[in-house]
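Listed in order, the protein sequences are those of chains A and B. Under my numbering, residues 2 to 205 are what the first sequence spells out, in order. Under my numbering, residues 34 to 118 are what the second sequence spells out, in order.
Since the hints were made in silico from the structure, they are not lab data. C-beta atoms are modelled at their ideal positions from N, C-alpha and C, and glycine is treated no differently. Check before you lean on any hint, since a few could be wrong.
[Claimed, not checked] Chain A stretches covered by chain B per the calculated footprint, using a threshold of three residues with CB under 8 angstroms from any CB of chain B:
1. 28–37
2. 190–200
[As the list claims (entries may be wrong)] Below, in silico cross-link-like pairs of lysine-lysine (DSS-like), each with a Cα-Cα straight-line distance of 25 angstroms or less:
3. 133(A) <-> 101(A)
4. 70(A) <-> 29(A)
5. 174(A) <-> 88(A)
6. 149(A) <-> 32(A)
7. 144(A) <-> 29(A)
8. 32(A) <-> 70(B)
9. 29(A) <-> 133(A)
10. 144(A) <-> 36(B)
11. 116(A) <-> 88(A)
12. 70(B) <-> 88(A)
13. 110(A) <-> 174(A)
14. 29(A) <-> 70(B)
Below are the chains, spelled out letter by letter.
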Amino acid sequence: MTKTSITLLALTTLASIALAAPQNFDFKDPKGVNNAVFTLDAPLEAISGSANGISGTVIFDPQAPAATKGRIVIAAASLHVPNPLMKEHLHGEQWLDVAKHPEISFETKSLSNVKTAGDSTTADVTGTLTIKGVARQITAPVKFTYLKDKLGARTNGQMQGDLLVMRASFAIKRSDFRINPKASEEKVADTIDLTLSVAGAAPR
Amino acid sequence: MSKTLRILALVLALAAATTWLATGGNRGWTKTSVPVKTVDEITGLEAVSYDRRFVPGLDFLGAALLGASLLAGGSFLFRNKQTTT
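Chain B with its partners taken away, still in its complex shape:
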């Protein structure tokens, strides 16, 4: 059981870090939309619209690492069964 929890913790931490890095390593808050700027040809004005996209931030990474730490910490509550020969 303890080994399973530690593996789960490692998988969670690695998955979160990989996702965070793969999406650009956003050092701000998590975003669910990103601004897209286009220029109106006639007026020359820059329009701002938003595309729905999940961009994890440091809060996402922090929460995932906290969850992984809790799992890893919890693993010490379970003792491996002693086998006698």
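Next up, chain A with everything else stripped away, as it sits in the complex:
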């Protein structure tokens, strides 16, 4: 009886440790839902588009969200605007130079102001944003939503596991990243508003 109790206790402890362990969420989304929307609103011209070539991994522990680490990558060539000539310019040397700098990335350094309520955690995430080869430290407010056992519903039962949804809205300066530096601010706004909406999967 004692031996059985000890075994049960050990198994329960192991299970709780396994459940509390940080999980590795993969943000390569086969459904193509993950996206980043960008807007530049200048007095003479507004430019708006999106990117969906998102990948990367985030290590997230629902029991310790402050320890979240990860790297999100956007394929620069996946940036799209509805005007074909504008898209050509956007991918060109003056703007993002996607041939030389194929990736836009954000790597976390630390989280602050972490607040958790139910499945949702909000935090100010500080990390390194690299665009066109220029790396700058930024802090962005991010909302994490941990969806336990929801991977099955999203893959029609083909995979089981958890989902992590991340939403962030923040602004960066075009001039900080040497994006089309010669353009006047009347035509091309210096402020780029970014909205990131991504979901990662941690299969079991």
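Once you've looked at the hints, dock chain B against the given chain A.
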């Protein structure tokens, strides 16, 4: 000849203006794709995809009106034949 050019100019201007208005009178640049937003039921995320569609903008209208003006202007280079009785 001059009359033909003027009719062509008028047809071009009217066709361009009608196309521009019929497609929503887009006051921005011409688009060859339009964003379509859908919501993922599980995650609640709004996905953005693009449908291939031609939406003429002010640049299209401007180019067509410029072409029509050139045609109309060119029509004055041709003089009507004088008929003598």
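Between the alpha carbons of residue 32(A) and residue 70(B), is the straight-line distance 25 angstroms or under?
holds (14 angstroms)
25 angstroms limit on alpha-carbon distance, applied to hinted pair residue 149(A) and residue 32(A)
Satisfied, since the Cα-Cα distance of roughly 19 angstroms is no more than 25 angstroms.
Keeping to a limit of 25 angstroms between CA atoms, is the pair of residue 116(A) and residue 88(A) held or broken?
violated (39 angstroms)
25 angstroms limit on alpha-carbon distance, applied to hinted pair residue 29(A) and residue 70(B):
Given that 25 angstroms is the threshold and the Cα spacing comes to 20 angstroms, the pair holds.
Hinted pair residue 29(A) and residue 133(A), Cα distance within 25 angstroms
holds (22 angstroms)
Can you confirm whether chain B covers the segment 190–200 of chain A, using C-beta to C-beta distances below 8 angstroms and requiring at least three such residues?
Result for this restraint: holds, n = 3.
Do the alpha carbons of residue 174(A) and residue 88(A) lie within 25 angstroms of each other, as the hint requires?
Distance ~20 angstroms between residue 174(A) and residue 88(A) Cα, so the pair holds.
Check whether the Cα positions of residue 70(A) and residue 29(A) lie no farther apart than 25 angstroms.
holds (16 angstroms)
Can the restraint linking residue 144(A) and residue 29(A) be considered satisfied, given a maximum Cα separation of 25 angstroms?
Cα-Cα ~19 angstroms, so holds.
Per the coverage rule (Cβ-Cβ under 8 angstroms, at least three residues), is the segment 28–37 of chain A covered by chain B?
holds (count 5)
CA of residue 144(A) to CA of residue 36(B), is that 25 angstroms or under?
violated (67 angstroms)
Hey, residue 70(B) versus residue 88(A), does the alpha-carbon distance stay inside 25 angstroms?
Holds. Residue 70(B) to residue 88(A) sits at ~20 angstroms (cutoff 25 angstroms).
In summary, the numbered hints that this structure violates are 10 and 11.
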